[in-house]
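Since chain A is already given, all that's left is putting chain B on it; use the hints.
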Amino acid sequence: MQSKMKESDPILEVENLSASTDNLPILKGVSLTVYPGEIHAIMGRNGCGKSTLSKIIAGHPSYNITNGDIKFLGENINSLEPEERSQSGIFLGFQYPIEIPGVSNLEFLRVSTNARRKFLNKEELDTFDFEELVKEKLEIVKMDHAFLSRSVNQGFSGGEKKRNEILQMALLEPKIAILDETDSGLDIDALRIVASGIKKISNAETGIILITHYQRLLDEIEPNYVHVMSDGQIIKTGESDLALELEKKGYEWTDNFIKET
Amino acid sequence: MGIIEKIKTNKSIDNQTEIQKICLNKLQSSPLPNPKSEQWRLSNKSKLSTLLDYSVNEKDLKLDITYPKNSQSTIRLVIGDNCQINLVEENYSINQLSEDKLVKYIKEQISCFDQNENWSDLLNLSLNSTKNTLGFKVSGSEIPPIEIFSHASSNSLNAKTLIIFLEKNCDIDLLQVNLGKDNSSLSQSTFLCLEENSSVNHGVVSYGENKSNLLNSLNVIQQKNSEYNLGSLHFKFNYARFEIRIKQSEGNARTNIKSMQITKKDEQISTYTKIEFNGPNGFLDQINKSLADDKSHAIFEGSIIVPKVAQRTDASQLSRNLLLSNFAQIDTKPQLEIIADDVKCKHGATISQLNEEELFYMRTRGITLTEASKLQLSSYFQEIISFIPVSKDRWDLLDKLLNEN
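Chains as they are written, first to last, in this note's numbering: chain A, 1 to 261; chain B, 1 to 405.
Next comes chain A alone, as it looks inside the complex (with noise of 0.2 Å):
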């Protein structure tokens, strides 16, 4: 499968990834590679190692890479800790994203974006011209400034807090973007605002992951190539007619490629 934005180099690449935790193996060998431009959808039951994947490519220190390379921009980083990830451009956006009482989001998103400015050798911003950014990025999520006086999450309802996930997207601005089930718990509404957001950030230097159930997400953002994941592994890739045919026929469908496999 090829596409004109194969041209430059890949942003990630994982290699025949195998994790696990606690002894168990969760991943069992996925290789995928996502150049500047592209948006990779991948689907499956709950519990095939979606999450997962995402996670260990974020850096959770529960997983244990036991064989496989990451490579984001073309360097190895198996063993660079989640925040050095976060810094040269790794987003990972929660399915649940975490509640933090008694930590202002305004302060948290400042000491964020700061973080990645440091790492961009970008000024670091104080808490007046954070002010004017964070306003402008309000805007692409439509939250309302009284978020940011808030503990981060706290109180959120579940749209506001995947609204609050894109915000720190849209702040942090990374090369990469993992977007775990954003669109769940969310109502049409939400959603499109959620997806809206979504590509006014992306451009074509950056690339995405969605990890989704619904082809709901994909009619507001057609990804080039869509994974269907079971077991640990990737077991079909195709453009996004096949979320659609998913979508018509269940993951049952997908048992005939583990059979052949």
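Source of the hints: derived by calculation from the structure; they are not laboratory data. As the structure is a computational prediction, the values presented were derived from the model and not from experiment. We put the beta carbon where it would ideally sit given N, CA and C, even for glycine. Any given hint could be a false lead.
Stated by the list, open to error - A few chain A positions that, by computed beta-carbon distances, are all more than 12 Å from chain B: (1) Asn23; (2) Asn121; (3) Gly185; (4) Asp255.
Claimed, not checked - No farther apart than 25 Å at their CA atoms in a straight line, the calculated lysine-lysine pairs in the DSS-like style are these: (5) B:Lys374 x A:Lys161; (6) B:Lys47 x B:Lys36; (7) B:Lys131 x B:Lys8; (8) B:Lys107 x B:Lys131; (9) B:Lys6 x A:Lys118; (10) A:Lys175 x A:Lys161.
Frame of chain A, contents of chain B only:
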């Protein structure tokens, strides 16, 4: 030499007062608390004995501690420093209690003391003549915040006693600071009486230096329609014990407590609370937090007593604890004694470590593990610190704690 002999033979105590004699007499039969009693069973015996080892000293050495700058609107008092107060302003007055009144009040209190439960107070009153006792009555309105300091000098066991009467319809912000110097022991006993419709926002901040010890006892009586809010913080003591006893004498009063203790190295800090409702419609909302690191030991024991007269009491007691090391120890025991049948009471305890998912979330946003831990601790501390009536500009307790931890 036992503590009783030490007090009796101490040359710095010129003449024993009537109160001292009564208390010494009470202590004579059992000079130390019963180590098997509920209130003392977890207390580190060797640390308690170290606390009592220092020479008894009634005469204060010059206090060489730098306090935060005082604002003009705050009344600042240092117990033991020939401390006297008599203020009569347009809207309020603060009057020193006469010695007769103090003696009468203390004798009434002693008559209700239990040997184990009030051992810290008995010791305090045995050690202390009138020099290190401050007692005053507050009345009126628009009263400025009051800051009261107690300290112990190095290589000494010092006792300080504070008695405050708050008259009807009176509101105050009161910050009490207990400071321990190197190798020192401080015994602090505080008695607060809140009359009808009065209200106190009371902060108790206690912090020591190297090998400081503290016995801190707080006795509060609330009359009806009074409100007592306590925010407390104890850290950096080799051994510290904070005893809180609150009695809503007629019910129909409100009590809010947010307290925290932080232990490191091999320190032991404990908080004991006893809240009694002696009438209907009482309210209590209490949270105690402990944070234990290294090989330290933090203890919380709380009891809420709701007799039959205390119908429609609404009381909640929660103990939240953070264990930062595999070698640290936390003991917590929130408990309820309920006889009344129409009440709403709940209690609970949690012990956890720093939340790994929260840490991971912050790290995926580029925040280093150290910074993420600090942010998490800061949020843990914030709930308590924001409840202490302290001017943030002058007392940056959060910074102090984050730099310590």
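Among all the numbered hints in the text so far, which are the ones the structure does not match?
-> The structure conflicts with hint 9 only, although it agrees with all the remaining ones.
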